Structures are given as structure tokens and as C-alpha cells.
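Listed below, chain by chain, are the residues.
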Amino acid sequence: MENAMADHKQDTESVTNNQASDTALEKKQKSQEHSQEIPATDSEGYLENLSDWNENVAEQIAQSEGMQLTEAHWQIIHLLRRFYEEFELSPAMRPLVKYIGLHLGKEQARSIYLMQLFGDSPAKMASKIAGLPKPTNCL
Amino acid sequence: MSDILIIFRKPPVGTSWAREALDLALVGAAFGQKVSLLFMGDGVFQLAQNQQPDAVGQKGTQAMMQALSMYDIDDIYVHNDSLDTRGMAADQLNIDCQPITSKALPGLLQQHKQVFNF
Amino acid sequence: MILHTVNKSVFNCNTLNECLLTTARNDGVLLLEDGVYGALETAHPTEIHEVSWYVLKEDLLARGLSEGQCREGITVVDYAGFVELTEQYKSVCSWF
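Chains as they are written, first to last, in my numbering: chain A, 1 to 139; chain B, 1 to 118; chain C, 1 to 96.
Extracted from the complex, chain A is given alone in its bound form:
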């Protein structure tokens, strides 16, 4: 993820250098990209269309929740999306922890670890950032 972002930045810079006349346009596009609004969500901030999600949107949602995503967050977010693809549902805490244990490792498969990353309701918060529906089976 970090690499992809870095590459993107480099591309933008090189284009800017080579074509000075396009600098303004480039800057405009870049700023649009970053100030992009979060796609339609429900009243609780969950995406209405799952297909609207991408990593950029995830960053935006996280930001609106006052969070900065790190590699540790991304690991969980991607795994959560894998869970959804496999089972067609957003997991509650317990199954999420179990799934992490199966695919990432014991160190991460602890609710305290998830709470450190995503706050008091990690299953809900992580689902929101991952662009998935609210876990119906956790209140």
C-alpha cells in the first residue's frame, strides 16, 4: 500500500517536471483526489454501495473517524474483506478474532490488539473502514 502511494506520487512529480504547462491541472487533480468526498453512506457512516470502496475511500472514512491507518490496520481491513467475500457477512468480534488466528497469527488474534487499533468496537469500526455492512450480529 505504502509503495503504491509512493509510486503514484513519483509519477505525478515526473509528469509535472516534464510538462510544466500541465502543472496546474495536475495539482488540481491531485487535490481533488485527496479532498474527495466519501461516497454515499447510511446514517452511521457505512457505505451504501459496497462497490464504492477503494483504499482511498478507506483512508477518508478512517480520517472522518479520527484515525490514521497503518500497515497493521490494513492487514486487518484486507482480511475482513476476505472474510466478507468468503462468507457474505460482516463478522462479529469473536469470529473475526478466530479468522485472524487462522490467517494472520496468534499475536493479532486478540480482542485487545484489535481494540488498540480500532477502538472500543473494533468489529464495527473495521467493517466501516473496510466498506462492509455493519455486522448485524453484534449490537
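To be clear, the hints were calculated from the coordinates, so they are not data collected in a lab.
The model shown is predicted, which means the values in this text are computed figures rather than measured ones.
Positions of the beta carbon are idealized from the N, C-alpha and C atoms, including for glycine.
Take these hints with a grain of salt, some might be off.
What the hints assert, rightly or not - Here are some chain A residues the structure puts well away from chain B; computed CB gaps all over 10 Å:
#1 37
#2 38
#3 41
#4 42
#5 43
#6 46
#7 52
#8 54
#9 66
#10 74
#11 82
#12 110
#13 111
#14 119
Stated by the list, open to error - Ranges of calculated distance between the beta carbons of each label pair, as one might list FRET restraints:
#15 B:85 with A:54: 49 to 59 Å
#16 A:112 with B:102: 41 to 51 Å
#17 B:92 with C:80: 46 to 56 Å
#18 A:110 with C:92: 37 to 47 Å
#19 A:120 with C:63: 50 to 60 Å
#20 C:58 with A:98: 43 to 53 Å
#21 C:88 with A:38: 50 to 60 Å
#22 C:92 with A:107: 41 to 51 Å
Knowing the structure of chain A, use the given hints to seat chains B and C on it.
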């Protein structure tokens, strides 16, 4: 004594009974209840492999059923006579189930504090 | 000690018979709504078991059925009696 037994008795397509029963199972388990499932009657059709509900524009429960073990729901029973009369085999189902005889059914219900029927 | 309620006609549906597969001694079976047709003399559930049978009076009356048409050994209860039954049994399981 386990907490909850959920009985699945309706065929999988056309109504939302299967999904609602499954939702209840997952909610119960997420709240730390010990949940068991019993498939009987036409409910055993929910266990058929290769269901393609999207062919009639519906979302099935097959993927969700694979998540049961993630929720620690491992006591899953299927009534063997119901399978027999419907020409289904216990080793060709979409999830691992324990066959149960008619004779053992009353005992199974008595072992649970609460029984829900769908 | 489970009270099972059945609301489908035994002439049309397998619901009552499925219910009776799961009943234990000391359980009760209460027939209500279209389930009351299962109380008729000509309705022969596959197995009678050793359950206590009840049928809801209001649902009999609504369908033009009288207590006299019910099989022997079935207790007719009204709504108040239904409530008492739910207190008497440990849990209620409805078959529909």
C-alpha cells in the same frame, strides 16, 4: 445443557426463513450462547450442494453457513429419516452434520434451554 | 416439559407430524389456528406419544367446530387457559 437449539424446517429458496434462522444462530453465538442446529423436514434441502439461488434473483445462505464454525457453532444435526425420504445422503451435504435418528430427537430438544423453530 | 404449539392443518401439512417426532413424555401439544383440525376424530397423527393434548376453544368456534367433534383425550382450553399452560411448561416451541 446447551442454551439454544434452532430447528431448520423450511426449504431454502423463496422465503427468508433460512436466513433468519441463521441470523439468530449467529447472534446467539456472538453473545456467547452455546447454539446447536437441527435440520429436519424440508429444512434438509438447505443442505443441498451447488445451490444457485442467483438463478432466480435471490441471495442464498450457503456462504453464511460456511461461517458457522467461525462462530463456534459445531453441534449441527440432521434428521436422517428426513434425508432418506428426500433422497439425500448425509455425506453429500454443504456442511458437516451429525445424522440423528427419530428416536433421539426428543432427547435433543430436552437438552436445550430454549428451542426455536423456523 | 415443552409446550409445542401447532398452527397448520394436519390434512394439508406435515407440521404436526414433524412436531410429534420431537416430543417427549411430559411435553404438551396445543393445537391452534388451522392446527385445530388436527383435533378431529378423523385426524390421526402418526404417533400419539404420551403427550398432553390441548386445543384452543376460540379457534374451534371460529371454524364451526364443537368440542364434541374432537378426539377423546384432548383438553379444550380458552385464551386464558393457553396463558396458564405457558406458565406451566418450561418453554414454548411453536411449529408453523
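No chain B beta carbon within 10 Å of residue 54 of chain A's: At about 23 Å from chain B, residue 54 of chain A clears the 10 Å cut-off, so the statement holds.
Given as non-interface: residue 37 of chain A, partner chain B, CB spacing beyond 10 Å: The claim stands: residue 37 of chain A keeps its Cβ more than 10 Å from every Cβ of chain B (closest is about 29 Å).
Holds or violated: the 41 to 51 Å window for the beta-carbon distance between residue 92 of chain C and residue 107 of chain A? holds (47 Å)
Confirm or reject the statement that residue 52 of chain A sits farther than 10 Å, beta carbon to beta carbon, from all of chain B. holds (19 Å)
Is the nearest CB of chain B more than 10 Å from the CB of residue 74 of chain A? holds (21 Å)
Would residue 82 of chain A pass as off the interface with chain B, using Cβ distances and a cut of 10 Å? holds (12 Å)
Taking the CB of residue 110 of chain A and the CB of residue 92 of chain C, does the distance hold inside 37 to 47 Å? holds (40 Å)
Could you let me know if the closest chain B CB is still more than 10 Å away from the CB of residue 43 of chain A? It holds; residue 43 of chain A is separated from chain B by about 21 Å at its closest Cβ, greater than 10 Å.
Would you assess whether residue 110 of chain A, listed as outside the interface, keeps its beta-carbon beyond 10 Å of every beta-carbon in chain B? holds (16 Å)
Since residue 38 of chain A was said not to touch the interface, does its Cβ keep a gap of more than 10 Å from each Cβ of chain B? It holds; residue 38 of chain A is separated from chain B by about 26 Å at its closest Cβ, greater than 10 Å.
Would the non-interface assignment of residue 46 of chain A survive a Cβ cutoff of 10 Å against chain B? Correct as stated: the minimum Cβ-Cβ distance to chain B is 18 Å, above 10 Å.
How does the Cβ-Cβ distance of residue 92 of chain B and residue 80 of chain C compare with 46 to 56 Å: does it lie in that range? For residue 92 of chain B and residue 80 of chain C the Cβ distance comes to about 50 Å; the hint holds.
When the structure is compared with the earlier hints, no violation turns up for any of them.
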